[in-house]
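Participant: Protein sequences appear in the order of chains F and A.
Quick note, our numbering runs 1 ahead of the 1-based positions in the first sequence.
Quick note, our numbering runs 2 ahead of the 1-based positions in the second sequence.
One or more of the hints may lead you astray.
Derived DSS-like pairs (lysine-lysine); straight-line CA-CA distance at most 27 Å [what the hints assert, rightly or not]: (1) Lys-355/F to Lys-68/A; (2) Lys-17/A to Lys-631/F; (3) Lys-378/F to Lys-111/A; (4) Lys-335/F to Lys-89/A; (5) Lys-371/F to Lys-71/A; (6) Lys-16/F to Lys-185/F; (7) Lys-578/F to Lys-111/A; (8) Lys-355/F to Lys-71/A; (9) Lys-403/F to Lys-105/A; (10) Lys-17/A to Lys-574/F; (11) Lys-105/A to Lys-336/F; (12) Lys-68/A to Lys-89/A; (13) Lys-594/F to Lys-717/F; (14) Lys-579/F to Lys-118/A; (15) Lys-46/A to Lys-631/F; (16) Lys-438/F to Lys-474/F; (17) Lys-536/F to Lys-596/F; (18) Lys-451/F to Lys-426/F; (19) Lys-111/A to Lys-374/F; (20) Lys-17/A to Lys-570/F; (21) Lys-364/F to Lys-118/A; (22) Lys-401/F to Lys-322/F; (23) Lys-451/F to Lys-474/F; (24) Lys-733/F to Lys-579/F; (25) Lys-13/F to Lys-133/F; (26) Lys-217/F to Lys-227/F; (27) Lys-578/F to Lys-628/F; (28) Lys-111/A to Lys-355/F; (29) Lys-628/F to Lys-17/A; (30) Lys-336/F to Lys-17/A.
The hints are simulated quantities; they were obtained by calculation from the structure and are not laboratory data.
Here is what each chain is made of, one letter per residue.
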Amino acid sequence: MDKLNLKNLVEKTRKLNILYVEDNEETRIQAIKILSNFLDNIDIAIDGIDGLNQYKEKDTNYYDLIISDINMPNMNGMDMAEAIFKINRHQNILMITAYNNPEYLQELINIGIKNYIHKPVRMDSLINEFQKIVDALDQRDEEDLEFNEITKLNHELDALVDSFDTYVIASRTDLKGNITYVSKAYEIISGYKESELIGKPHNIVRHPDMPSSAFKDMWTTIKSKKLWIGEVKNLKKDGGFYWVEAHIVPYYSSDGSHIGYSAIRLNITSKKQAESLNDEITNLLNNAGQGFLSFGANLEINESFSKECLSIFQTTTLYKKDISNLLFLDNIEKKDLFIEGIGRIVDSTSELQKELFLSLLPKEHNINNKIIKIEYKILNDNSFMIVLTDITKTKELESKIKKQNQIQQMIVSVASNKIDFIELKNDFDNFLINPSKSINTFQRELHTFKGIFVQKDMLDTSNAIHNLESKIKMILSLNNESNLNMQDLMQDSNIKDCYDSDLNKINSILGNDFIIDNNVSINKDSFEDFKNKLKKLSINTENHIFTELMNDVERFEDETIYKLLNGYKIVVKNLSKKLDKEIYPLEIIGDTKLKISSKYKPFIKSLIHVFNNCVDHGIEDIEGRLKNKKDEIGTIECSFEKINNNLQIIIGDDGQGINVDKLVDYAIKSNTELINLKDEEKIALIFSDNLSTKDSITLVSGRGVGMNSIKGEIDKIGGSIKIRNKIGYGVKFIFTLPL
Amino acid sequence: MLNIMIVDDSLIIRKTLTTELEKLGHHVIATARSGKEAVDLYGKYMPDLVTMDITMPVMNGIEALKRIKNSYSDVNIIMVTSHGEEKLVMDAIVNGAQGYILKPINSEKLIDVLNKIFPELNDNL
Chain F
2 MDKLNLKNLV
12 EKTRKLNILY
22 VEDNEETRIQ
32 AIKILSNFLD
42 NIDIAIDGID
52 GLNQYKEKDT
62 NYYDLIISDI
72 NMPNMNGMDM
82 AEAIFKINRH
92 QNILMITAYN
102 NPEYLQELIN
112 IGIKNYIHKP
122 VRMDSLINEF
132 QKIVDALDQR
142 DEEDLEFNEI
152 TKLNHELDAL
162 VDSFDTYVIA
172 SRTDLKGNIT
182 YVSKAYEIIS
192 GYKESELIGK
202 PHNIVRHPDM
212 PSSAFKDMWT
222 TIKSKKLWIG
232 EVKNLKKDGG
242 FYWVEAHIVP
252 YYSSDGSHIG
262 YSAIRLNITS
272 KKQAESLNDE
282 ITNLLNNAGQ
292 GFLSFGANLE
302 INESFSKECL
312 SIFQTTTLYK
322 KDISNLLFLD
332 NIEKKDLFIE
342 GIGRIVDSTS
352 ELQKELFLSL
362 LPKEHNINNK
372 IIKIEYKILN
382 DNSFMIVLTD
392 ITKTKELESK
402 IKKQNQIQQM
412 IVSVASNKID
422 FIELKNDFDN
432 FLINPSKSIN
442 TFQRELHTFK
452 GIFVQKDMLD
462 TSNAIHNLES
472 KIKMILSLNN
482 ESNLNMQDLM
492 QDSNIKDCYD
502 SDLNKINSIL
512 GNDFIIDNNV
522 SINKDSFEDF
532 KNKLKKLSIN
542 TENHIFTELM
552 NDVERFEDET
562 IYKLLNGYKI
572 VVKNLSKKLD
582 KEIYPLEIIG
592 DTKLKISSKY
602 KPFIKSLIHV
612 FNNCVDHGIE
622 DIEGRLKNKK
632 DEIGTIECSF
642 EKINNNLQII
652 IGDDGQGINV
662 DKLVDYAIKS
672 NTELINLKDE
682 EKIALIFSDN
692 LSTKDSITLV
702 SGRGVGMNSI
712 KGEIDKIGGS
722 IKIRNKIGYG
732 VKFIFTLPL
Chain A
3 MLNIMIVDDS
13 LIIRKTLTTE
23 LEKLGHHVIA
33 TARSGKEAVD
43 LYGKYMPDLV
53 TMDITMPVMN
63 GIEALKRIKN
73 SYSDVNIIMV
83 TSHGEEKLVM
93 DAIVNGAQGY
103 ILKPINSEKL
113 IDVLNKIFPE
123 LNDNL
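Model the full structure from these sequences, guided by the hints.
Facilitator: This is how it looks when you write it as structure tokens:
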């Protein structure tokens, strides 16, 4: 044996556990000297009994080798070996014998000892023996390893079979479909015991919901020896159900003959339940009559949406389309607002801000001729949901009711201030026949009329005017130097028709006389009818405006001066609103029971021009008033009093007063003699024809005809006018009428 | 109870807001007619809340909001707004407005927006 091999051998022998049994102390010492070249762990026994006892104290496999003498007192080596073999049949024992006797050797072999060496022990034969033992041990280790592998595999297989049985819903049937095997899992899910299933036809678990056609397909497939996969609803013993995905294949015996069918199944009950829930929800959403969809921060619509969306947008697909285009294609403003709002929500980190932005998004839009209510929800930072509801019918109903209310409102507005209305009617009739030649003036007057018609709730007319205004704007934007014919324009816009239609509605309720007769008169029956309607309105709506009007209307019947002047309360209120001026409600101060002759009525009516002037020219706008350190709300006062045989009416305001110089400037343009007038005389110019200090003419005042008509009326009844004018502080008109 | 400053160029709106806020138990400590006045008055009164109109002469509400916010970062401002001003309101919110109220003003809307900004108001009732 070369050195390298010896070294390898010793490396291995040093790890061995050895029991050395020898009765002769001298031999023992000698032997240990030699053995310690090879061995580190040597236990010493002095005879067979000692050896056996030591062997028993250790684990059965502890000693890799027992080296023993044969002839020993108490128990010899042969007897000890026999006893040890009873404990461990495979124990390696090396006998050291002095005899070279074949019978003796035979006895050794009979006992089972394969290895022996002769005394005196030679190094080479010892090495040889160690080599054999080490080789044998190596081989045994390998075998052990192999054995362990196989054991492990067996365990795994057992576990697999176990788990197959526990977790896989498996069964076999014979060719006719009678059950021959079921797994534990099959028992558990079906609720049947194995004994209740074996021998029974497999349709014991067939659920009545399953159509027979499904099984026809299955039998055709497996009879042609192919794999059939399908989802099957099965019936439990307790009447419940479970869903499985079944895989069924033909089953062959070990000799290859077709003896039945084998099936494994996956439990898909949860999946099926989820699907059915999903179906239910989808069904619900599809039939809710509302459109549901979601979209991302990039405004692209996500994959799932309710069917109603398709009908709202009249399209066949929505996936990946831009929601802003679908909703607001025809309205850039809303589209911009929507896009900006969504962007701001995505950018914001504050929940409060997100909510605020969300609430500012467009809430309603006309999509494909339907009015759609749009509600928004934030699903997460990058996704939004919208709910679309067709509210066309609700809106139609609302607008119908609104329209009816509007007609009533119009009647009330018109009837409650007849003077205003008649003036408006006269002006507009005139405007229709003889519209301004200048397009600018025409536009401006049109606009003023629109405002007044809105005020009077004559909405058909105001809408028609609005449409005409838009039309003119469009025409002008296309062609600056266009030669427009105002009459044709009005004809095209049906303004006259709408106006007539509004007038007809007024006629039908208030009677034709109301419109035609310039004097305050109304057919008694119509008036009663109107009063009743107003009474109903004031009761039903509990609106104080109606109640106030009711009181006013009731006073129509009296011919008191108070009543006649009272109508100007609304004139002042409406006009200040229209001109955007803040004025305290007009108060009429005087004896409410004082009656006057109807001959004063034309004069009282002409006073509208005084009130118009006060509101339009007298009271400044808020900035003007604040600059002059006045109450930001203007005051117009009206009082009357019987003094001796005269009636004195005072109308005044706390406005800027009449700019006399300007008045004179205007006046002398037409009459140069006026330049020498005294101040008191100058102010009287206000009553001249066609004179106004206002640079531009509006419908309300400034056309220079108003004050002149007052002068005409008061002259007829022999009265007089005084004007107290204080620049910056206001003006007072004092009328004195003989009673 | 909150000390409130109302900023609006319209007298009607100032009056309506004052009436409604006082009905709710709050105190209108100051009113301003323009953004500029609001900026000038804020430091003097240090109100708990400012109601700010958007469209005003001299200085609009958003500019005023920015200036007040610049000097007093913890100011509480709500915008008073009309239909069609949605984008401006968004601007205001980005610049620190905590809420808005859409005209016409009524007490429900006011309670709603105040409760969002001052949840403790609810507890005191």
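Participant: Hint by hint, note whether the structure agrees.
Facilitator: Structure-based check of all given hints:
no.	hint	verdict
1	Lys-355/F to Lys-68/A	20 Å, holds
2	Lys-17/A to Lys-631/F	18 Å, holds
3	Lys-378/F to Lys-111/A	21 Å, holds
4	Lys-335/F to Lys-89/A	10 Å, holds
5	Lys-371/F to Lys-71/A	44 Å, violated
6	Lys-16/F to Lys-185/F	51 Å, violated
7	Lys-578/F to Lys-111/A	25 Å, holds
8	Lys-355/F to Lys-71/A	20 Å, holds
9	Lys-403/F to Lys-105/A	20 Å, holds
10	Lys-17/A to Lys-574/F	17 Å, holds
11	Lys-105/A to Lys-336/F	23 Å, holds
12	Lys-68/A to Lys-89/A	16 Å, holds
13	Lys-594/F to Lys-717/F	25 Å, holds
14	Lys-579/F to Lys-118/A	36 Å, violated
15	Lys-46/A to Lys-631/F	24 Å, holds
16	Lys-438/F to Lys-474/F	16 Å, holds
17	Lys-536/F to Lys-596/F	26 Å, holds
18	Lys-451/F to Lys-426/F	13 Å, holds
19	Lys-111/A to Lys-374/F	21 Å, holds
20	Lys-17/A to Lys-570/F	21 Å, holds
21	Lys-364/F to Lys-118/A	21 Å, holds
22	Lys-401/F to Lys-322/F	36 Å, violated
23	Lys-451/F to Lys-474/F	15 Å, holds
24	Lys-733/F to Lys-579/F	23 Å, holds
25	Lys-13/F to Lys-133/F	12 Å, holds
26	Lys-217/F to Lys-227/F	14 Å, holds
27	Lys-578/F to Lys-628/F	21 Å, holds
28	Lys-111/A to Lys-355/F	19 Å, holds
29	Lys-628/F to Lys-17/A	20 Å, holds
30	Lys-336/F to Lys-17/A	35 Å, violated
Hint check: violations occur at hints 5, 6, 14, 22 and 30; the rest are consistent with the structure.
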